[in-house]
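Colleague: Given only the sequences and the hints, what does the whole structure look like? Please build it.
This is what each chain is made of:
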Amino acid sequence: MANDYEEILSKYRSANRMDLIPILQEIQEQNGYISEKAIRDLGKMLDISTTGIYSIASFYDGLHFNPHGKKHIRVCNGTSCFINRQVNIMQVIEEELMVKNGETSADGKYSLELVDCMGACHSGPLLAVNNEYHSVRSEKDLKRIIEMIRSDE
Amino acid sequence: MQITIEVNNKKLRAEKGETILSALNRNGINIPTLCRLEGLSPTGACRLCVVEVEGEAMLVTACSEPVKEWMKIRTHSPRVIRARKAIVELLLSNHPDNCLYCDRNLACELQDIAYELNIRERRLSSDAMPVMLDQSSPAITRDLAKCILCGRCVRICEEVMTINTLGFIGKGRGTHVGTTMDKDFNFSSCIHCGQCVNVCPTGAMHERYNVKEVQDYLDRDDMLKVVQYSSLVARSIAEELGMKYSTSFEEKLNEAFTRLGFDRVYSTGFGSDVLITELSEQLAKNKSKKSGATVFTSHCPAWVKFAEQTMEGVLDKLSGFKSPQQVTGAVIKALVPQLEKVEPEQIYSVSVTACTAAKYDARRDDNTRKGISDIETVLTVREMIRLLRLYGIDMNMLDGRHADEPFNLKSSCSLLTSLSGGLTESVIRVLSERHGIELSPGEIRKLRTVGSFREITLGRGKLKYNFAIVNGLKGLSQLEEMQKKVHYDLVEVMACDSGCVRGGGMDGSEAESIVKERVRSICKSSKANVIKLPADNPSIRNYYDRWIPGNADLADRKILMNSYSKKEVLL
Amino acid sequence: MSKEKAPKATKATEVTGTPKGTEAAKAAESPKDVKNSEETRQVLTEKVLAYNSDTVSAGVSSFLDKLTREDNDIPVISVSFNSGSIISGALDTWNAIEQYLADYEVDAELMHGGWFGAINFDPVVTIKLPGKNMLYFRNIFESKVESLLNSVLHNEIPKDDLLGQQGNDDYGKWPGTDFLEDHSFLKSQKRWLLNSREYYEPSDIELYIARGGYKTLIKTLNSYTIEEVCDIVEESGLRGRSGSGFSTGKKLRLALNSDSELKYLICNARESDPGAFTDKMLIEGQPHLLIEGIAIASYAMGASKAYIYIQNGADHTTAVLRESLRQAADYGLLGYNIFDSGFNLDIELRVDPGAFVCGEETALIGSLEGKRGMPQVKPPFPSTSGLNNYPTVINNAETLMNVPLIMRNGPEWFSSAGTEKSKGTKVFYLSGRSALQGIIEVEMGTPISTIIEDIADGIAGGKELKAVLIGGMVGNIIPAEKTGLLVDYEDLEAAGAALGSGGLVTLDESTCLVDLARYQMDYMHRQSCGKCIPCREGTSKMYDILSGVVKKPPVESSMSTLERFKGVMQLENIANVMKETSLCGLGQNAPNLFLSVLSDFRDELEEHIFDRKCRAGRCHGLRTFIIDVDKCTGCTICAERCPVNAIYGTRLQPYFIVEDKCTGCGICYDVCKFDAVSVK
Ligand SMILES: Cc1cc2nc3c(=O)[nH]c(=O)nc-3n(C[C@H](O)[C@H](O)[C@H](O)COP(=O)(O)O)c2cc1C
Ligand code: SF4
Ligand code: SF4
Ligand code: SF4
Ligand code: FES
Ligand code: FES
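Protein chains in written order, with my numbering: chain A, 9 to 161; chain B, 4 to 574; chain C, 6 to 685.
Derived by calculation from the structure, the hints in this document are not laboratory data. Please note that the accuracy of each hint is not assured.
Some chain A residues well away from chain B (every beta-carbon gap over 12 Å; in silico) [unchecked claim]:
#1 15
#2 30
#3 48
#4 78
#5 82
#6 114
Quick list of in silico lysine-lysine cross-link-like pairs, DSS-like style, CA-CA up to 30 Å [what the hints assert, rightly or not]:
#7 B/570 / A/52
#8 A/52 / B/561
#9 C/376 / A/52
#10 B/14 / C/383
#11 A/19 / C/310
#12 C/468 / A/148
#13 C/224 / B/75
#14 C/666 / A/148
#15 C/224 / C/71
#16 C/149 / A/148
#17 A/148 / C/678
#18 B/561 / B/292
#19 C/383 / B/477
Backbone N, C-alpha and C fix where the C-beta goes; we use that ideal spot for every residue, glycine too.
Modeller: See below:
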């Protein structure tokens, strides 16, 4: 498992610094996250210090160092969804599911992320669980969705 | 080309292409800066250097904006002052302002700027950042709460030291300075050079404190307390205290140590002389054996750590000799028990140094023999001054005294070893004497020039020695290039540019002018010293002729040597 | 989706197709023999693209009509397919239609559609019966498919779901049915980039070429010198659509004149506005127009390498673009010696790893170079020293999409639309509280009020417009009274706003502007790159202060009140210093929104600060609750649950809330079984 990115690295053998971010993105796509070991190996290959790579990767919201939860919850933080919001969706989810924005819960079940407009503002406020989309128009909606997330393991 | 600019309604001459800041500074106009670093390109991060330029809607940063002919600049207009003040107030709003307890109290750039801008009231308040201390490193302590993210440490570590231990992590409000995966410092590739400490404007980085430890030992009567220091250390203490440095200052310093409670005061110069002697011997032997192997110096602990973590191929080429401090320390622990009739365990040995890496050096596994460390505690110059103040010692009022035998005397060569190229020069002097060859004047001049890489040749034919000097780790890339063409007998590497004179343990090392002055003064003292070569030094003669023969520990040269192995760190 | 039940959507990337993906496969197996064949390719390359005339032969022309489905033998059905409609359930609709066609053995072709524009109508289904005009139907969810197809395939039109017909006014016309152009949503628009005739299969290059696409590129390469292209673009008056308003022609020329063997063009499709989907939506509908624009602009500046920098998380957009790039390269429209013109171009798609600030030029370049996307001091400017220190031009996606139109129709045509200094059209993404939302395109010089009243059909539920937020996170709030402002660079700038990102968010009385300012600062203090002090600390501090304004502290003491007032008094000062001293546009414009609230809605802000009231009722932190003595049974549950012990009373007697202690959390309101608690 740990070396799932070996193939990616070999594909980029003659890579330079400009390829760093695409490589990180590919590794993440394949492994679900960027591991310390991947940072080390990549650093060796591109001759960039691990601090350098971590520094770069930690700058970007789209790169993460922990795998997402089984259920990855995305909450739209677009302006339209915000102004139509009736409940503080993030706060409720953080409390109910014990997971923080940008993190994965300790049991690895859930992860939570704020995202920009998803392009369907009219149905907002939007929330996505993996690739299922929900409108959160009321507290009741949210309760129901949280129940649904909790059920079927 | 000279152009005219107008600053605060006065015409000034400026060089075309220079920045506003450099024009201002040359003309004696001071404006605050925080992120600027001498010799590196501007990043424009702190925005404190803003000035008003006629015709520009925004304020512009003087550190990055080039001057233009007839540019009209106002450096202290109400608008500018308001902006600077607001920027500093923003920084202060969550800064832990327990200045009285801070390492940098009275020596903090943030404090100075706040004072200059006459900030007298906390108009913005929010919760102070919680203390986040990283004390895992043997040499350097970090306190993230005090960091104002000027980025100087990150840049010096990356652009000057080429180490890249520190980086900005995260973004927005969460931005902070840290190492890979936010791990503790001791897992990192840090070589403890302390350059980051030198450039940090606040108390966010400082050496690991050992003053308290020394105090505790000074109170103990059952121990023999010994201390060693080098001429550079004496010089820097004088500099910091605003006194003139001379041999008589050193004598006062000896007295000061005695007043503090040290039983014996030794000179680190002893270790330097041993090192020069041994290294010259090693080279001459190599030459006669025609083995031709390149020897790399190993007296800079920061360089050694660097080699151990990144240059596996070089490890078996390292000369193996410990740093002067550790050589002195090792000999103290082997010889002093015999002379003073104490057990080695009863000796508390302190070294005062210009270098933060020396703290790490003393903690290396191979600097402890049979459970006894060569050196117990290392203090930086900064800490030493604190200790002097703590004990209320006024150096001006002291009478001098000599250092203690058997490590009291030093050669003029030993002084040079705190300069980059100094060890090489010393070895050259010894070898010239030995082989009866003269160094050409041209080569001598080359020895003391600046630049990150130098090479010197001594002798001719069978007795030809090629020397390379890597001045600051940046020079390693040039070495690599040159090594393809030239075979070197000795490669000297010192991690910090110019050598220990830029050490991380002394204030002022970040300023080019101060470092230059230190170099000049060391060269001067070296010239004035009457003992020229290590072989002329009675302490050294005694060591070889009198002490070694009767002492099994000393006879075992291994106490002078380190052994190296690949170090696993997060590079 | 507009229904509560959430349809299951599969991963967007799976849908639109990687090379082997379903799209290409589906197209190939569809009946329409000509598609994807060697013959088609030959006709398109030799008889259309390489053909040395603007018109094509009659034979080819009818062949092209077949390709574009202008002329169809069997019914053509399409489902709008874009990020928004996928969320709305377009996939289920697609599957239902497919199922229907199979079940009833209907010989019809099913295609992907672009967008209609108003996302409220998604999923939009179009049906074109042979010889008839194309009909647009709105909100065709899975459940509606059967009845819709049952009627339309039998020539009956269900009026309820009908948006209109599109086509000619003679033989193909459906009598008694409005034309799409007359729909109120479209009537006041000028759709150049959002051309609804270019609706089917946006990423399919064959259809694009058949509709006249890429011909302009070939013509430009063969008959114009690079200087001429710069001239034409400059003459047209096209200016950067990202808000800077810099002349695109001038920018290209600057790079052209810089002496360097390597030059880069970067298409900025980062869309740094969390409340807009403009560029992404544009690209999803017209990916090849963007590619063509990039190719022409690269030619004009002498670049042989271009990058498209697209926003992270826009999986569908990225897939569409990736497929389109693949097809363009396959057709020899990208790569080495394009159509024997001697011009080479490689376009690389880069997905932003996730940072708002990477919309800024130097940060974007840093990110491409594999660094932290932190803005750099200028000079040097990218046009002289950009990506890897080579001259680089960065243009917004919308800007570049205008370029082929200008080359095709001439600079005069382009400058005929718009105002004196702002030419052409501008695309917006409308959202918020308006009745209709989605992507629109208007002529420069259109009043904002027209957009809201006519195009967006006012505010939902007949409410009043309070203000609009224009320009996204670095934009301004324009109060309803000022919506007479014209969409043009000068007019907006004069009003202190900017024609920045295409986001246009409509706000009504239910929106609290103070809370909106807090939301914006929340976003900014997380997205500031963290490099310079005024921006990093300024956004953080402003956020802290505004957060204090929209809620009550746990304990309101005279100390905390004083601190709050002090903070509020500093807000304006911080905002001004941020504007004056920040390194990049993010920090310089981050206070805009707050400052516009301060100047136009000062009373609302003061109400929050002094009266601790929110007129929109949005700032829950300012609420105080009161217990109705008649309803309260003294069950004690509220007092037990109150986190700050603000509720007192004796068991079985009515309880009361101590206002000074109440933090407005609303738990008592939630837990009371007797409806005794109400908002004061
Ligand atoms: C914080 C910030 C965010 C920006 N975001 C975008 C963006 O999302 N898209 C864009 O095209 N330009 C953005 N810009 C402007 C770009 O820096 C650049 O000016 C633009 O891409 C030039 O294109 P144009 O000339 O076609 O307008 C942003 C600028 C700043 C300061
Ligand atoms: S001590 Fe030297 S190596 Fe360590 S972090 Fe500081 S500058 Fe870098
Ligand atoms: S630790 Fe010091 S030098 Fe480094 S960024 Fe913070 S304040 Fe600057
Ligand atoms: S203004 Fe903000 S985003 Fe721009 S450089 Fe400064 S900190 Fe970074
Ligand atoms: S703001 Fe949430 S979908 Fe647009
Ligand atoms: S010194 Fe100029 S921005 Fe910091």
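Colleague: With 12 Å as the threshold, tell me whether residue 48 of chain A passes as away from chain B on beta-carbon distances.
Modeller: violated, 7 Å
Colleague: Taking 30 Å as the top limit, are the C-alpha atoms of residue 468 of chain C and residue 148 of chain A close enough?
Modeller: OK: residue 468 of chain C and residue 148 of chain A at ~25 Å, within 30 Å.
Colleague: Could you let me know if the closest chain B CB is still more than 12 Å away from the CB of residue 114 of chain A?
Modeller: Its Cβ never comes within 12 Å of chain B, the nearest being 18 Å, so this holds.
Colleague: Find the nearest Cβ of chain B to the Cβ of residue 82 of chain A and say whether that gap is larger than 12 Å.
Modeller: Its Cβ never comes within 12 Å of chain B, the nearest being 19 Å, so this holds.
Colleague: Is residue 561 of chain B within 30 Å of residue 292 of chain B, Cα to Cα?
Modeller: Holds, at roughly 21 Å.
Colleague: Taken at face value, is the distance from the CA of residue 383 of chain C to the CA of residue 14 of chain B at most 30 Å?
Modeller: Satisfied, since the Cα-Cα distance of roughly 26 Å is no more than 30 Å.
Colleague: Grab the minimum beta-carbon distance between residue 78 of chain A and chain B and tell me whether it stays above 12 Å.
Modeller: holds, 24 Å
Colleague: Tell me if the straight-line CA distance from residue 52 of chain A to residue 561 of chain B falls inside 30 Å.
Modeller: violated, 35 Å
Colleague: Beyond 12 Å from chain B, beta-carbon-wise, is residue 15 of chain A?
Modeller: Non-interface label on residue 15 of chain A holds, nearest chain B Cβ at 23 Å vs cutoff 12 Å.
Colleague: What's the verdict on residue 149 of chain C and residue 148 of chain A, does the C-alpha distance respect the 30 Å limit or exceed it?
Modeller: holds, 27 Å
Colleague: Quick one: work out the minimum CB distance from residue 30 of chain A to chain B and report holds if it exceeds 12 Å, violated otherwise.
Modeller: Given a closest Cβ separation of 20 Å, the condition holds.
Colleague: Given the hinted pair residue 376 of chain C and residue 52 of chain A, is their Cα-Cα distance within 30 Å?
Modeller: holds, 17 Å
The earlier numbered hints that this structure contradicts are 3, 8, 13.
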